[in-house]
Amino acid sequence: MQHRQPAQQGAHCVIGRGAVLGKNVTLGHHCVIEDGTVLGDDVFVDSNTIVRGGVTLGAGSQVGANCILGEYPVDFYRDHARHDHPLVIGAHALLRSGTILYGGSTIGQGFQTGHNVTIREKTTIGDHVSVGTLSDIQGNCRIGNYVRLHSNVHIGQLSRVDDFVWIFPYVVLTNDPTPPSGNFAGVHVHSFAILATGALVMPGLEIGQDALVAAGAIVTKPVPAYAVVVGNPGRVSSDVRRIKNKFTGEPVYPWRHHFTTYMPWSDSDFTTWYNALDLPQKRHYGLEQIEPE
Amino acid sequence: MQHRQPAQQGAHCVIGRGAVLGKNVTLGHHCVIEDGTVLGDDVFVDSNTIVRGGVTLGAGSQVGANCILGEYPVDFYRDHARHDHPLVIGAHALLRSGTILYGGSTIGQGFQTGHNVTIREKTTIGDHVSVGTLSDIQGNCRIGNYVRLHSNVHIGQLSRVDDFVWIFPYVVLTNDPTPPSGNFAGVHVHSFAILATGALVMPGLEIGQDALVAAGAIVTKPVPAYAVVVGNPGRVSSDVRRIKNKFTGEPVYPWRHHFTTYMPWSDSDFTTWYNALDLPQKRHYGLEQIEPE
Amino acid sequence: MQHRQPAQQGAHCVIGRGAVLGKNVTLGHHCVIEDGTVLGDDVFVDSNTIVRGGVTLGAGSQVGANCILGEYPVDFYRDHARHDHPLVIGAHALLRSGTILYGGSTIGQGFQTGHNVTIREKTTIGDHVSVGTLSDIQGNCRIGNYVRLHSNVHIGQLSRVDDFVWIFPYVVLTNDPTPPSGNFAGVHVHSFAILATGALVMPGLEIGQDALVAAGAIVTKPVPAYAVVVGNPGRVSSDVRRIKNKFTGEPVYPWRHHFTTYMPWSDSDFTTWYNALDLPQKRHYGLEQIEPE
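Chains as they are written, first to last, in our numbering: chain A, 3 to 295; chain B, 3 to 295; chain C, 3 to 295.
Chain A with its partners taken away, still in its complex shape (with noise of 0.2 Å):
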């Protein structure tokens, strides 16, 4: 890439003589592009943007405005020493007004995100992941694919979520088992979970693949693999096995087989998606042991 200049620019707009622009990239106004920054092809950066020194943005992506990508991690803010400190995101973003992504992350493709965002230092995000609006994740995270957090989820450092997980309003993964201390121990969260509207999880645990913790609940024991659990200590109720749809009676869980929007199988059902897999793909979404029903 060697165009250096947007296709189209607002009023007011500072952008680094160092700054890398794609072809066909457009600035809304007030933006600031600093030395350093690589924005691919088709890149649009609404108004009062800011993009900071070592940020990779992918072709295609769309930036909202009010955002900060790359931002400065906590202990360099004085010496602005963001360089050492990339942020790469992959191709066709779309991060909404407000968002603050830290140096110091790595992000997949087709990554999304609401309002007034913040992502810290040092987390991998895989592809195809969503975000929502006032969602924080602390740093030091490890997120898979295609998870969805809807709003206002807050993960604390070393919390690790695995593929194909969905996350909802207000839950909020510890990871201090007596705070304060320097001893953080993160929540693991396997493929497929669902953490409903509320759910507090306390440092350490695992969530296991396909459980769902309900609305409220407050996780104090490992959850077993396809376990529903419910209240306030939380208790293993059911098995999601069990629950249907109030309406039609039909099984609902696992709900990869009855769900199908944002997922990589939207387009057939996922065992057909997951059969034509071959082993390093299924490797990709950690789907080796995943046994299709």
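In case anyone wonders, no lab produced these hints; they're calculated from the structure. Please note: incorrect hints may appear among the correct ones.
Cross-link-like lysine-lysine pairs, in silico, BS3-like; alpha carbons within 25 Å at most [as the list claims (entries may be wrong)]:
(1) C:223 with B:248
(2) B:223 with A:248
(3) B:223 with A:246
(4) B:246 with C:223
Use these hints to put chains B and C onto chain A, whose structure you have.
Positioned in the frame of chain A, the structure of chains B and C alone reads:
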């Protein structure tokens, strides 16, 4: 309205030639007022705020800094087809800094927001509604008149909130009975109901008129009128009419007979105000069936 | 201080002629520094930030992008009577992007905020306090020294938080016993207490010194010193002094004997530090009555 220049503006503003400004409009610095905006007389817009095309803002409104009015509905972000999605806000709005209002909604007069509020598309909001800091209305909702949402309230899509409802911090109205699914069922909160801090309402439930959901309650069943619901899972523990002020021993509910601030009966009392309404006015407030006590 | 021009500034800044800037002040792009602002030596203010008249910001402070310092108190928005509402912030503050601090408060030195924090008027905050991302202090509060609020904490009006208190994400201090009413009663959290994630405290209650409110607990009664409170409704389940580290078997509370990060005793230990204090210093920290163990 034909006045096209603000009476007063700060530095580095960008005003579209097709923007229509009323008399005595004042802008801060770095504002962006796009083509197709209509700002009423005496409107004040603070620095860095973006008003997109298709927004009509009523006379006497005050808009804080860093707001985005007429934000693109999600599906239209890429083609900026904003003019098809008008946002109408009534007179005398007070929108605090960081407020994000999507195109495609209609909001009455005397509207107030706290900071960093998000209200998405296809939402109808009545007169004299207040939405607190960091609250998030997810779109496709109907909010009545004189509704007061405190900070950090999350209103799921398809929710319906009638007149004179109070919703306190961290309340969530959910909408998906078997997440993830596309089978949304919104909550319906009836007039004069109160949802206290941290209450969570399961999908599709009705909260009866004058009901009180206590702090931290998880509502899993419909709540009858005048019921008090507590706990996880929520259970009816009492009737609001039995609750007394701890110090005076006086009853405090239905609150309309004991609290007047912000309300249209603030100059007299509920019964006097109510008796002076004619039938169309009663219907406007959904008050045909209220029995004044 | 008489230096009036920043040592360095970005493009498109607006600096009021009556602003008083110390030595070596650096501004980003698109900053607004209003008349009546006093910025100490070596202050750094990042892009798009607005500092309103009446703000005094201590030497060595760092302010992120998109902040608003000296925001208008609600009642005065319309007439912008900001100079009557000074905001004083001590030296070496680190205010992350999107922080909104109202006029009319006083904040000590070493203050830190996360992103999109809101702190309203008439609040007093001591030295070395940290307020996490998206936290909301509603005004009319008293916060002591070395208090640490994590993300998304909601502190109702009239709350009082003593020194060395820890408050974790989604904790709410409420203030209205019979909402809606005007009869606010703030919570009082005593020194060294810990409110874990998602704890909710009912209006007017006292949380005793060194008490631990567990994650998700709903506190409905006063909490004695050293008590552990769990559940909904909250009940005293234990004494903090009985809690051991799961791996080492060592006691972990009172935490001041086991945790030193961010604390004034980080170079030695609590007892050594405490014994070296003179009486006025002990009084400053509210520590006359602490019995070192």
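Item to check | 25 Å Cα cutoff - pair residue 223 of chain B, residue 248 of chain A | outcome: holds, 14 Å
Checklist entry - Holds or violated: are the alpha carbons of residue 223 of chain B and residue 246 of chain A at most 25 Å from each other? => result With Cα atoms ~18 Å apart, residue 223 of chain B and residue 246 of chain A stay inside 25 Å; holds.
Checklist entry - Given the proposed pairing of residue 223 of chain C with residue 248 of chain B, does the C-alpha separation stay at or below 25 Å? => result Cα-Cα ~14 Å, so holds.
Next on the checklist: For a C-alpha distance cap of 25 Å, please report whether residue 246 of chain B and residue 223 of chain C respect it.
Outcome noted: Since the Cα atoms of residue 246 of chain B and residue 223 of chain C sit roughly 18 Å apart, the hinted pair holds (cutoff 25 Å).
Hint check: no violations occur; every hint is consistent with the structure.
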